[in-house]
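Once you've looked at the hints, dock chain X against the given chain W.
These protein sequences, in sequence, are chains W and X. The C-terminal residue of the first sequence carries number 166 in my numbering, and the numbering is unbroken. The C-terminal residue of the second sequence carries number 1145 in my numbering, and the numbering is unbroken.
Just so you know, the hints here were simulated from the structure itself, not pulled from any lab data. Mixed in with the good hints, there may be bad ones.
Pairs of lysine to any residue, SDA-like flavour, derived with a Cα cap of 25 Å [claimed, not checked]:
1. X:K1092 to W:V59
2. X:K1116 to W:G30
3. X:K1092 to W:G58
4. W:K112 to X:M1090
5. X:K1044 to W:L121
6. X:K1092 to W:I109
7. X:K1044 to W:E89
8. X:K1118 to W:Q108
9. X:K1016 to W:S70
10. X:K1092 to W:R113
11. X:K1016 to W:A83
12. X:K1117 to W:G30
13. X:K1117 to W:T27
14. W:K22 to X:E1113
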Amino acid sequence: MTTTEENAIELPHSDAVSLAVKEILMTACGTVAEQCEDLGEEMFHEGVIISVISVMGGVEWSIFLGLPRSTATAMAEGFAGFAIPFESEDMGDAVGEVTNILAGNVKQILDKRGVNIEISLPSVFRADGLHILKQRNSQASRICYTTSMGPLWTGVIAGCDAGVVA
Amino acid sequence: MQLNAMVIDDSGIMRKMVMRSLSESEIAEFTFTEGTDGQDALSKFDPSVHEIIFVDWNMPNMNGLEFVKKIREMTDHHVPVVMITTESTMGKVEEAMEGGAVDTFICKPFTTEVIKKKLEPLFEKLQDAAESGDNFFGALANKFA
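The shape of chain X in the complex, shown without the other chains:
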């Protein structure tokens, strides 16, 4: 299965590490668009192209949550968001998850195995949506049918 992912982090090395781990996870075949902060990512985000987003919380110019709020206004379907965080923002990320803005999170430092385990429940939700005909995730769910 091929997935178009956005990876947003002001740290180039973190973007590389996330992309490398996702590729190694073999959970899907990812194509990546990189964003250097929320503002840069917003200018590159295309709801008809990007199917899953991996975004750092703590960034200059526009932080991860602000970016997520903006893209939620731009789409009529739910684009899954994986927040990348440190322990310093865990509480805020959990609040964002409860509010439905964020689907899951990965705490730094992470391994390929951790990323895989975090994505599995999300992918199961997508599978369920495909089986039940739920349109919450839009066309993305069809890939999980």
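Isolated chain W, as found in the complex:
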């Protein structure tokens, strides 16, 4: 996954992820997501939780959802209806579920475009910081959002494996 704009490549249908983010954050977490300029990796310095879902079929992607600690805490509470500590197992479950719902919505959007996909179960990672590396020949797009619960980031990567170093 690239961290610089000159390397960002728009992937076919990756706009479906943006559409799904806006809908799902409203229905699942009760917050409005506004797309914004790249926020860099500073937002992850307080701690970060990343959830990844693999997409197979009409497009071959990995979809990422990245939440800084404060956003994750607020969003998990919005989703579950009760407070969830950042360090708990429940936090991983909550962020994984939001990603699962997000990917389900992406699938529905792509179905309507005649693109059939299957999605994996989510994998969730928690870290104290994050530096994202892009491997050669991979195509990637990263979109940052602001919400009333704090900033967040989504990404789509395709083409080859990406290395994520925390």
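Relative to chain W, chain X alone:
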């Protein structure tokens, strides 16, 4: 009315959310058995105890539909199954409903109100079964008499 429910999901937070919503719905007084996937739930399932099942579709080891097929072979009466799903598996769940394996479904994200509304038609069916003496649901229907 007291109901023994199984709640099966590999996500602990989803199990908590389902149980919390069911308790808040006040549609019945639920006692819960939790399952962490289809395999775990199968080892805990007792057809003489569990009266209604809330099961996630997408789980490791044994998915929700595989679990439902197994329990259908274990019982001579119909245990109502509520499938919990995302939009990604809606089509498959609808097929499972048409085939009679699944009674209704709840799409994530859900609210207590949504769960209540989804259960009402099922509970009406149980009431009808109780009134007509239909044994499809076994002893469970007697609770709705």
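For each hint, the structure was consulted:
no.	hint	result
1	X:K1092 to W:V59	holds, 20 Å
2	X:K1116 to W:G30	holds, 20 Å
3	X:K1092 to W:G58	holds, 18 Å
4	W:K112 to X:M1090	holds, 14 Å
5	X:K1044 to W:L121	holds, 24 Å
6	X:K1092 to W:I109	holds, 17 Å
7	X:K1044 to W:E89	holds, 23 Å
8	X:K1118 to W:Q108	holds, 22 Å
9	X:K1016 to W:S70	holds, 22 Å
10	X:K1092 to W:R113	holds, 19 Å
11	X:K1016 to W:A83	holds, 12 Å
12	X:K1117 to W:G30	holds, 21 Å
13	X:K1117 to W:T27	holds, 18 Å
14	W:K22 to X:E1113	holds, 23 Å
When each numbered hint is compared with the structure, no violation occurs for any of them.
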